[in-house]
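> Chain B: place on chain A using the hints.
Here the protein sequences line up with chains A and B, keeping their order.
Counted from 1, the first sequence has number 1359 at position 363 by my numbering; the numbering is strictly sequential.
Counted from 1, the second sequence has number 1130 at position 134 by my numbering; the numbering is strictly sequential.
Note that these hints are calculated values from the structure, not bench results.
Please read these numbers as outputs of a predicted model, since none were measured by experiment.
A couple of the hints might just be wrong.
No copy labels: a pair is met if it fits in one copy or bridges any two.
Said to hold, decoys possible - Simulated crosslink set (DSSO-like; lysine-lysine; CA at most 30 Å straight-line):
(1) K1217 to K1206
(2) K1111 to K1206
(3) K1111 to K1217
(4) K1216 to K1206
(5) K1212 to K1111
(6) K1144 to K1082
(7) K1332 to K1082
(8) K1232 to K1111
(9) K1235 to K1111
(10) K1037 to K1332
(11) K1232 to K1275
(12) K1082 to K1011
Number of protein chains: 2
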Amino acid sequence: MKQQLPGGITRQNLKLSDGRDIYYYDNKEIERSAVDKRAEKAQPGIGHLRLDQLVNEWVVVASHRQHRVFLPPKELCPLCASTKEKQTEIPDSDYEVAVFTNRAPALTSPEANWKLPQINGLDTPNPDAAGACEVVCYTSDHGTSFAKLPLSQIRAVLEAWKNRDDELSKLTYIEHVFPFENRGEEVGVTISHPHGQIYAYSFIPPRVEKMLSAAKDYLKKTGRVLLDDLVQREIKDEKRVIAQNSEWIAYVPFAARYPFEIHLSPLRSVARMSQLDEKQSEAFPAIAKEILTRLDGVFGIEMAYIASWYQSPVNVGSDCMRLHWQIVSVRRQPGKLKYLSGSESAMGAFIMDLEPEQSADQLRQVKI
Amino acid sequence: MKQQLPGGITRQNLKLSDGRDIYYYDNKEIERSAVDKRAEKAQPGIGHLRLDQLVNEWVVVASHRQHRVFLPPKELCPLCASTKEKQTEIPDSDYEVAVFTNRAPALTSPEANWKLPQINGLDTPNPDAAGACEVVCYTSDHGTSFAKLPLSQIRAVLEAWKNRDDELSKLTYIEHVFPFENRGEEVGVTISHPHGQIYAYSFIPPRVEKMLSAAKDYLKKTGRVLLDDLVQREIKDEKRVIAQNSEWIAYVPFAARYPFEIHLSPLRSVARMSQLDEKQSEAFPAIAKEILTRLDGVFGIEMAYIASWYQSPVNVGSDCMRLHWQIVSVRRQPGKLKYLSGSESAMGAFIMDLEPEQSADQLRQVKI
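Okay, chain A solo, but in the shape it has when bound (with noise of 0.2 Å):
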């Protein structure tokens, strides 16, 4: 059955021969019937959670997923579309947008009834790392890049995005949804093909806890919401700011952590991604692919980055918490990396070695 979606893009929802669920997102008509071939194969089993208590902060261990693909050549790409020799993930010969579950997610679907512990004391449970994993597959061109994608198939990835948001969120044992690319060899990426994942927690994890705290001491204290505020400041400094459109604006935070680092924040601001509207929906894909593109320019070369959407958690914050993405980068100069070790790592505290302005005006500088 198709699901109309907002842009004109549908839904069709099918079946892997293992039971994973597969989700294609289109702008064009069409039919979506593909059969995986390939073997059953179980998923294997569910991992488990352990909370540090140094820090009161929840660890996955996921020790089942070892022996994920690393690296596959390009004819071996899980991520391309099938074809008649080969069976992949996607049992379709051509795609647009599909979104499915990771063969070896680190965090799972729980028994019914599932609920996070309380914790009393040191004798802590090890309850089921609940939750979902999911593949988001930006095109079936396994050479191209995000940045690349024709605007229409932007718009199918975001509204994949929203629509995924939208569902997980519905689930009794999620607590955040977290939509997120890693790109780079530079950041531990195992597969090259243009994709990104989310991550759907049945905890608050701790950087979000963080955010939704210091968002809820402001709102309490001025009762203005954090990030409204923090997007008017960077209007008003203006020297950051390297993109902005009727909906979106993009800037070096003021007090940015990587080299190269980039908000891009809604300007009538929303809780979670599956609130954008029309007209913000529409501009995203604009302005995404600017920034991205910026990016890749700085030095001409694809940058390793982290991409990460950033939103209000599901039960709480949606009075105090605002979505925006964030794209921070580990490249410094062509030949050298920024590492996260002892200061970074240990202590939590970064060291910039750019100005966020002199990075905003490279940025800035890149001819697109």
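What follows is chain B alone, placed relative to chain A:
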């Protein structure tokens, strides 16, 4: 002038030609007087701090550091002892342990009466990046590693840490002292000569803040010290303990985040490094050597790691925070690294690919 430290170690202070301090720590009887014959070069200026209000964390902006030394060949190593032909950072022609102020410090001494400003609203000042960054050279032997040092040499390193912790914590602008070692190009090390660093911050770093908050809560609820109870659990559980002697215990923690993560705690706990007594200091070198040797032994290769001393901040937390050493390795298999990508770096949610018990088993099985 010679200063006598515990363990028969002496300290002697000299100056480098650009005014930076250098301290020699020695087991043997020796007069240190070698003069730095390099032309004076002013140190680059001071960086500044910016508050990231999305999460209420200070970021250090240190753009003056961009051109620091990058993987020099052995014959140009700035941490080797000086020779007639080549003047390095260490003027003497031989040394045991030497500590000096970083040539391009991210944090440095500010003007008199510097204070971290109170932040009101979003108009944040950019205070000078007050603090200290010191380099701790573990040995003059370029080709060795911490794990391979003689015990007396490790003792000298420990006394240097204790002594620097003691002095740095007396500076009015220092809130936290962090001795650490990054090892391996995989974690961004630019100089392979065995050395660590000490960062002394003028703010409480975010991870320490979080640890402090958990420890405070626990003290309030139970009247007990969190790390003491966590160590007791490890002793009781037994299966993650990998080494022990009369004064120290080493274990893979219950909620480890990295494939290979070892915590080392004194059995009689102390808040700060400089409080370690003679018995503890005497017993440290052997177990430190053992656990690092075990780490290198897992795959029979020198493991990249980050070794971090966590302790109580200078002015708060000594009632609830306890000193311990965390050594984490990003290597999960001989050819595979653990990357901090989307979930870890953007969400703070760690996915651990190995059961902590499995990891402890592998570490215990190493023949040493």
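> It remains to establish, for every hint, whether it holds in the given structure.
Hint-by-hint comparison with the structure:
Proximity of K1217 and K1206 under a CA criterion of 30 Å is satisfied in both settings, with 17 Å inside one chain copy and 22 Å between copies. Within a single copy, K1111 and K1206 get their C-alpha atoms as close as 22 Å, and across copies as close as 25 Å, so both meet the 30 Å cut-off. Only between protomers do K1111 and K1217 lie at most 30 Å apart by alpha-carbon distance; the minimum there is 24 Å, versus 33 Å within a single protomer. For a Cα distance limit of 30 Å, the shortest separation of K1216 from K1206 qualifies both inside one copy, at 15 Å, and across copies, at 22 Å.
Both within a single protomer and between protomers do K1212 and K1111 lie at most 30 Å apart by alpha-carbon distance, with minima of 25 Å and 27 Å respectively. With identical chains, the CA atoms of K1144 and K1082 are at most 30 Å apart within one copy only, with a shortest distance of 26 Å there and 51 Å across copies. Within a single copy, K1332 and K1082 get their C-alpha atoms only as close as 38 Å, which misses the 30 Å cut-off; across copies the closest is 27 Å, which meets it. Taking CA atoms no more than 30 Å apart as the test, K1232 paired with K1111 passes between copies only; the shortest distance there is 28 Å, against 45 Å inside one copy.
Within a single copy, K1235 and K1111 get their C-alpha atoms only as close as 47 Å, which misses the 30 Å cut-off; across copies the closest is 28 Å, which meets it. In the homo-oligomer, the alpha carbons of K1037 and K1332 lie at most 30 Å apart only across protomers (25 Å), although the nearest pairing inside one protomer, at 42 Å, exceeds that limit. For a Cα distance limit of 30 Å, the shortest separation of K1232 from K1275 inside one copy, 24 Å, qualifies, whereas the shortest one across copies, 60 Å, does not. Proximity of K1082 and K1011 under a CA criterion of 30 Å is satisfied intra-copy only: 18 Å inside one chain copy versus 68 Å between copies.
The structure agrees with every numbered hint stated previously.
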